[in-house]
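**Student:** Sequence:
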Amino acid sequence: MPLSDDYPGIDCWFRRKVVPGLRSGTRFLLPVERDGRLVGLGIAKNELDERKICTVRVSPHYSGRGVGVRLFDGLLKWLDDDRPHLTVSATKLPVFERIFDHYGFDVTSAHEGLYTPRAVELGYNEALFSSIAPMVASHEKPAFIGPECRPS
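Sequential numbering from 1 applies to the sequence shown in full-length UniProt numbering.
Each computed DSSO-like pair below joins lysine-lysine, with the alpha-carbon atoms no more than 27 Å apart:
1. K92 to K77
2. K77 to K17
3. K45 to K77
4. K45 to K92
5. K92 to K17
6. K45 to K17
The calculated label-pair distances, taken between Cβ atoms and stated as ranges, are:
7. E97 to R23: 28 to 38 Å
8. Y103 to S59: 19 to 29 Å
9. L38 to K92: 11 to 21 Å
10. P117 to R37: 29 to 39 Å
11. G36 to T91: 27 to 37 Å
12. R118 to L38: 28 to 38 Å
13. G36 to T108: 34 to 44 Å
14. K92 to E50: 13 to 23 Å
15. P117 to S24: 25 to 35 Å
Hints are computed from structural coordinates only; laboratory data are not their basis.
Ideal Cβ positions, reconstructed from N, Cα and C, are used throughout, including at glycine.
With the sequences and hints as input, model every part of the structure.
**Tutor:** This is the structure:
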């Protein structure tokens with residue numbers, strides 16, 4: 001189940017952010033298996049300044065079979081928040097739109113070039129202009145796409 005070309009350096013992000021967060025308890029990884037095969041995966045972050053659904057992936061063969069709902073339900077329960085922050089590439093919105101409507105998530109921002117040039121990333125459920133705003137304002141990129149995380 002490939003992660004995505006929309007997020008360069010995601011493997012590095014996983015090693016540098018998710019793995020230490022799993023150890024400290026600030027990150028949660030929820031796998032969904034069918035017949036012994038991984039068919040879905042969700043990752044969430046619960047820190048003092050942010051509750052966020054970071055990643056949700058469902059195998060295309062299991063699309064429309066409730067795996068996404070199971071992932072969102074589990075992540076929302078772990079976060080203890082029914083409206084956490086999350087972002088999605090505008091190109092992937094058709095895949096997520098129905099489930100976002102189901103949970104009542106609201107688009108609160110749009111940022112061009114946040115992860116990849118010219119790509120628009122839509123933000124959801126930001127109470128105020130969230131912690132991502134200082135990065136966008138200063139044109140910084142999130143840590144996982146810094147030079148140390150770029151493919152060689």
